[in-house]
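S.K.: Construct the entire structure; sequences and hints are all you get.
Protein chains: 2
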Amino acid sequence: MAIRSKGKLQLIEAVGNLCRRLGLPRTVGQIYGLLYLSHQPLSLEEIAEGLGISKASASTGTRQLLALGAAKKVWVPGNRRDLFEAVPEIGALLRNAYWEIVKPYLDAAQHRVEQVVAHLEAERDQALIGPEDFAFCQKRLEALARFQKNFQSVAPLIEKLL
Amino acid sequence: MAIRSKGKLQLIEAVGNLCRRLGLPRTVGQIYGLLYLSHQPLSLEEIAEGLGISKASASTGTRQLLALGAAKKVWVPGNRRDLFEAVPEIGALLRNAYWEIVKPYLDAAQHRVEQVVAHLEAERDQALIGPEDFAFCQKRLEALARFQKNFQSVAPLIEKLL
DNA sequence: TTATTCGTTCAATCCGTATTGAACGAACCG
DNA sequence: CGGTTCGTTCAATACGGATTGAACGAATAA
Chain A
858 MAIRSKGKLQ
868 LIEAVGNLCR
878 RLGLPRTVGQ
888 IYGLLYLSHQ
898 PLSLEEIAEG
908 LGISKASAST
918 GTRQLLALGA
928 AKKVWVPGNR
938 RDLFEAVPEI
948 GALLRNAYWE
958 IVKPYLDAAQ
968 HRVEQVVAHL
978 EAERDQALIG
988 PEDFAFCQKR
998 LEALARFQKN
1008 FQSVAPLIEK
1018 LL
Chain B
858 MAIRSKGKLQ
868 LIEAVGNLCR
878 RLGLPRTVGQ
888 IYGLLYLSHQ
898 PLSLEEIAEG
908 LGISKASAST
918 GTRQLLALGA
928 AKKVWVPGNR
938 RDLFEAVPEI
948 GALLRNAYWE
958 IVKPYLDAAQ
968 HRVEQVVAHL
978 EAERDQALIG
988 PEDFAFCQKR
998 LEALARFQKN
1008 FQSVAPLIEK
1018 LL
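Residue numbers (the working numbering), protein chains in the order written: chain A, 858 to 1019; chain B, 858 to 1019.
Calculated from the structure, these hints are not laboratory results. Hints may contain errors.
Treat identical chains as interchangeable: a pair holds within one or across any two.
Unchecked claim - Straight-line alpha carbon distances no greater than 25 Å define the calculated DSS-like cross-link-like pairs of lysine-lysine that follow: (1) 912 x 930; (2) 960 x 1017; (3) 863 x 912; (4) 1017 x 1006.
Owing to the predicted nature of the structure, the values given are computational and were not obtained by experimental measurement.
M.R.: Written as structure tokens, this is what we have:
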């Protein structure tokens, strides 16, 4: 049955909007919100019914939550269905998200900046860009790399605090 | 003229993608990338031409950058056009973004959770939700509020480190 | 075996929002 | 004053990605 409680709906909507801001599908957040406030694990059909979304959305949404470590399948004896429950430790979720998503992204970004510098050096040698133009870009890119490095060094510290 | 340097284009594209991830229009990031690597301020038309976007996009994009404090107008004597240059201090930008965007959002979220609790209490009193269901939700919401509070207290610390 | 009940997949659709072209007003120029 | 050169605005469009319905395979049940 669809959710009746207006209070629960408010939270579900809020989590959905938060996820949208973070670049995740809104339904993913809604499912997490639903599970977060449910003291028994829910099946795909209950999720779909409760949120008024299709079973397909519920399937893909739960899969994403599993991948993020934000939900887990629980097995109940004598029940053929997959049942899901929320992982309620938000801090742990963020910590995991940092290592799984943010950190690799930062590493890639660092590498990309170095590539750009190399590219510009080559273009300077081929006189495709002026030397003073190159010097300016180099200065900016070095500052950028410096910031990235500093950011990478404080990030684990931040991660500890959550 | 359109950008020739492949190196510059790589960085512009990367910043564009980063902004897209953060929920900002890609063009905003592209404009910032362009300005970040340009040692003279650029006009709307130069931006539009350089990135291959419309003047309208350049106009709205620069306005957003100004609002974010990520660019500023500079005035050059004897030039009727608005000229833009990047604010290159990334750390300061993030710090500003925290106070202008993240902090208000967190405050609103805190308040919203309290509202949800109040709502649920009312619904329990009206027997719209079972008492054990309410107790579970209350427990979860308290944990959530606790996390938010903790997060709010460490956030300024994080902000200092950048 | 056949019939159900699940969960997943994927092409088609839908939806939000970024982007644009055209129209407009303001500031300058002749 | 007209006539340009700007920047902005806004309705229309284009686009990317979320969502769905239908088809499918696997697993159970009968």
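S.K.: Compare the structure with each hint and give your call.
M.R.: Hints versus structure:
1. 912 x 930: within (16 Å within a copy, 51 Å between copies)
2. 960 x 1017: both (14 Å within a copy, 20 Å between copies)
3. 863 x 912: Close inside one copy (23 Å), not across copies (46 Å); limit 25 Å.
4. 1017 x 1006: Answer is both; intra-copy 18 Å and inter-copy 16 Å each pass.
No hint from the list above goes unmet by this structure.
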